[in-house]
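A.B. asks: Protein chains in written order, with our numbering: chain C, 1 to 349; chain A, 1 to 349; chain Y, 1 to 349; chain P, 1 to 349.
One or more of the hints may lead you astray.
No copy is singled out in the list; a pair is fine if it fits within one copy or between any two copies.
Straight-line distance between alpha carbons at most 27 angstroms, and here's what the computed DSS-like set of lysine-lysine pairs gives [unchecked claim]: (1) Lys162 with Lys192; (2) Lys220 with Lys162; (3) Lys42 with Lys220; (4) Lys273 with Lys304; (5) Lys37 with Lys304; (6) Lys122 with Lys295; (7) Lys220 with Lys192; (8) Lys192 with Lys42.
It is worth saying that the hints were derived from the structure and are not from the lab.
In case you want the letters, here they are:
4 protein chains.
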Amino acid sequence: MIFSSDNWAGVHPRIAEALHRNSDGFAASYGASDLDKEIEAKFNEVFEREVAVFFVGTGTAANSLALASVNRPGGVSFCHREAHVIEDECGAPEFFTHGARLVPVDGGNGKIDPDELRSELKRFPPGFVHAGQPMAISITQATEIGTVYAPEEIDAIAEIAKAHALPLHMDGARFANALVELDVTPAEMTWKRGVDVLSFGATKNGCWCAEALVFMDPEKARDLPFIRKRAAQLFSKSRFIAAQFHGYFEDDLWLDLARHSNAMAARLQDGLKSSNRARAGWTSQTNEVFAIVRKADAEAARAKGAAFYDWTPPRALNGMIAEDEVLTRLVTSFATRDEDVDGFLELVA
Amino acid sequence: MIFSSDNWAGVHPRIAEALHRNSDGFAASYGASDLDKEIEAKFNEVFEREVAVFFVGTGTAANSLALASVNRPGGVSFCHREAHVIEDECGAPEFFTHGARLVPVDGGNGKIDPDELRSELKRFPPGFVHAGQPMAISITQATEIGTVYAPEEIDAIAEIAKAHALPLHMDGARFANALVELDVTPAEMTWKRGVDVLSFGATKNGCWCAEALVFMDPEKARDLPFIRKRAAQLFSKSRFIAAQFHGYFEDDLWLDLARHSNAMAARLQDGLKSSNRARAGWTSQTNEVFAIVRKADAEAARAKGAAFYDWTPPRALNGMIAEDEVLTRLVTSFATRDEDVDGFLELVA
Amino acid sequence: MIFSSDNWAGVHPRIAEALHRNSDGFAASYGASDLDKEIEAKFNEVFEREVAVFFVGTGTAANSLALASVNRPGGVSFCHREAHVIEDECGAPEFFTHGARLVPVDGGNGKIDPDELRSELKRFPPGFVHAGQPMAISITQATEIGTVYAPEEIDAIAEIAKAHALPLHMDGARFANALVELDVTPAEMTWKRGVDVLSFGATKNGCWCAEALVFMDPEKARDLPFIRKRAAQLFSKSRFIAAQFHGYFEDDLWLDLARHSNAMAARLQDGLKSSNRARAGWTSQTNEVFAIVRKADAEAARAKGAAFYDWTPPRALNGMIAEDEVLTRLVTSFATRDEDVDGFLELVA
Amino acid sequence: MIFSSDNWAGVHPRIAEALHRNSDGFAASYGASDLDKEIEAKFNEVFEREVAVFFVGTGTAANSLALASVNRPGGVSFCHREAHVIEDECGAPEFFTHGARLVPVDGGNGKIDPDELRSELKRFPPGFVHAGQPMAISITQATEIGTVYAPEEIDAIAEIAKAHALPLHMDGARFANALVELDVTPAEMTWKRGVDVLSFGATKNGCWCAEALVFMDPEKARDLPFIRKRAAQLFSKSRFIAAQFHGYFEDDLWLDLARHSNAMAARLQDGLKSSNRARAGWTSQTNEVFAIVRKADAEAARAKGAAFYDWTPPRALNGMIAEDEVLTRLVTSFATRDEDVDGFLELVA
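Build out the structure end to end from the sequences listed, making use of the hints.
C.D. replies: Below is the structure:
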């Protein structure tokens, strides 16, 4: 009954096994091994085009280096008010861009509202030096609250990006969970929609430590080798990341794992729907469910070993949570089992 | 016959096994798991005092964050002219310190000469704002060229550091190799000598990816949690690093691995001594041997599968390498076997 | 009829004269001249305590270096949503602090609301590494919209700062204008209220280029000489700034100039009060008046030589400006004359 | 008898007068005034092409922003070992470039030796991520030790810059002094030789505070407005810099002032030539003379009011300065008079 985060799970056995398989023998370091090359080619295949791929160690690194790659002096990037880059990375994006600002944009369901984005952009007229200059738009797919941008919603943001000649970044810490929910291809969720740079996360979906920065146009990544090395994100035994991706992609394991996580969340959500003690705060589409439960039930569940975090309610829930209730975040993963979900529901729903 | 670098080796089976053992089940993320705590306690035991330990992903990260932790505006750090921080990290230390400068100091055998250090420090009189202000001294143990600071040599540098109220950093990317060569305890090679901050490397000595930043005085590390997170070096599934250290320290495996690497280098050096075709450029004390071999022999060896890098000769070798010779760097590791060494010697010595 | 900004005025004749008086002969550079020392002592007198004073070239520099002096990794500073530091400095504060974030705080009348501040601070629980750590609170006196914090309003913010052990910075680009409005001493408006660091602006109030960073506790300024030099703000012929301050403080010229500016704004505001074509958007207390005028009148005034900027209406004015009206900002200065004000009023009021 | 530095002199009367002339009335701020535009046009005339000009407050700012404008991640710039950027700016260039490194290059007479430069560049093979990547070459004209690059010497450096596709920066803190010595046009000393960006200093040559960053190709300056504003170097009453340049360029005053300074230095040098108590350390070509004088004479001169700094002897003078002698730096300026020089010579020569 561990719903604290998908990063509380360890590594999926098949990925552990891939790591083991590639652990002995000598191989060129710093990303030059055959296995590294093989995985880079695999990314081309996954994205149906030649992309530039850079392995990094954390999602924060991927996001920060993505922004660093499009950095401009006095630069301003736009993201959703609750985005991970602005809420949970201790200022890493600002640090790696030497102080470029993140501007929070409002929008329902954890997604940037195109009108709000347009309105924020107006505060930065071209050449108006006092305000700074726009440099990027960043969206999170799936979002921090378990929702997903529909393809046409990505289109709407991409159109604004294009109109302002701004690169579009996608934080895909839970890329796979969004992908299987939408049932589209990686290409259809990224470059075919106008996404330029992607933080491709695999850690939360069953790896130990495997994140990749993917540039849809390799030309745009020319300085990235230096940006990554200077950021201390070039791993000497880089194949330990490559090996994880090997297992991750094999037989589309990654999609299976994401489907499992999402299914566990759906099961949880279904349980809440039929409850009259607890309910979902909003409809999750991936592997994060936000449930309003009675405080006493939450305590009781914790006493029985359930683990999960309370969550600060967004404004949209103002007045909708009673005094004796609390909003909780429940994250499922590849390792969540039916009995975890059902056991938890029994305690709170 | 792979002597390119110790980071061409994969992971030692016992460390792989420790990783495997700790791979399933749920555990708190971001360094809060029981295993993380256990390894932190293990570091206290290894260093015979309470230290503050921070796992990071690369040696470059450890070094850069060590300097960032003592950062001062206009700051200047002193290191050997051939130190990794100044030669091989793409400016990461300067980046993480927002531009603090590294000043190269001369010295024979890859080690800072105390007189040269004193002389460089004189260029920065206290309060002379134009020059900047000293902020740290960094030594590498073992050095980039396979030598080792004797305890009294560390004392000499530490004395200068203390006289200038400067923290002393040790880049221990090959800490274990130096330790077993000197046959002292970790405490005797660090804080008992005046070392304040240590980059404790385990990757080159048999791990996949396990580096730690060790503060001998935990008080000095108060901002480090923020520095590390902002630097994108806080790993969500941090236990994958902890698990490697678990295997690394168990039964003193780490010392055995370092002894093996050093022994392989000694075997190589012995072979060179008895050769009249090739010779060592200088006496190595750890797992890096720098051999002067005939160019033709080097080519022939490569043709037979040997891998190693040519090395730019230091000034001390001026005039000592013939036209038809080349200086090569030969690095041994836990994975080097007798037959690798002997096979190579057969080809060049 | 120039109301574009107080920085459109040149230099006051008495300050020009002081500059002239101190222009020949040799004097020590980089702030070491007798005149520099004399002005530093004058600041002690003005603030009734020993302060540390650093001349810099721009208000942006003063604000940015103030924040740089209290910089922390992952640092977060709090300022009003419309503060100059967050709206008009092209990210300089973020740049000089290597990416420390500015968090906008809401509040009426251009002033931080203490409750909103407390609420924002709650988002940064001590030691919660993902969010970053609070590092400063910054208030603007007078504010960007011509209002002034009353002493007890500064107290309220200072109390929160103290409770969170945060330094309190005051952006005093229009310090004198606030001072004469409140009719208090510099000490009473700063350190007696809990202000730790002050950007003391004189440029807008009649100098060419004279800004000072004032630390109420000189101990807190120990690194500032290096911070300033590294920021390229140590002027070689520093006495050209000192000389301006000499004229500025002599016979309390600075207070007279501020009183004049404020009086011109009051005259403007009075004229608006008795108009039924135009009106003030809110009550100004210093030298900036925000007038709602008919668009046609504004155009006509511009055609006759009046200069002023349109202003984006704050939310508080939502629905209060008609389609054929526009919000304009009218800034007075030492150089504004009665006839400028009256001439303008004739055209729009 | 003040020879401490040319920045100990105040402002030249004609420049003071120009400042006075332009001090009243209103004018657009932040560089948009007619006078600003007029001076920008004047720069085009001076350089015989359309250039992009940016006024800044200090030479350190000009140099640092020049490098910031060509910044690259992991960037490395090459300058002479004794250059102002690397010796006297407290790390400002590194700070403004977010940590790009300055590599000191050897060379006699204060000038980069082309062979040494080529040799240093070899340490940075294209794409070798560990070393970083070259990003600029910076020369100082006149040099820190009073010498001047002959046109063909600039050509030699420019050729290397071009071969490596690197921008060439010239630190012209004493640009005028070099210009009149070589008797060439500004164009002939800069873009006709391959210089891309120039720090054009006027402060040391008679202004209060007037420095300009000049881009020979305006296209390369596209981000500079943001770089400058973010660096807190956009002055609100920018015309106070423009006015100084107005007086500076009028009737070629600037060249006359430089000729005077140089002549004073030549007079000093001539006096040393005919002395058998003192002598020049090397031949100065501009307004800085480095004299070897008897320690007792130096003390006596100081006692009589002479002011000058001792100087650390360069290696080239090893063994050439007796125990009872000291190397001193003597800087002349527009304000130096014959009697200052003769009076000083009487005391030491």
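A.B. asks: Mind listing which of the numbered hints don't hold for this structure, in increasing order?
C.D. replies: none
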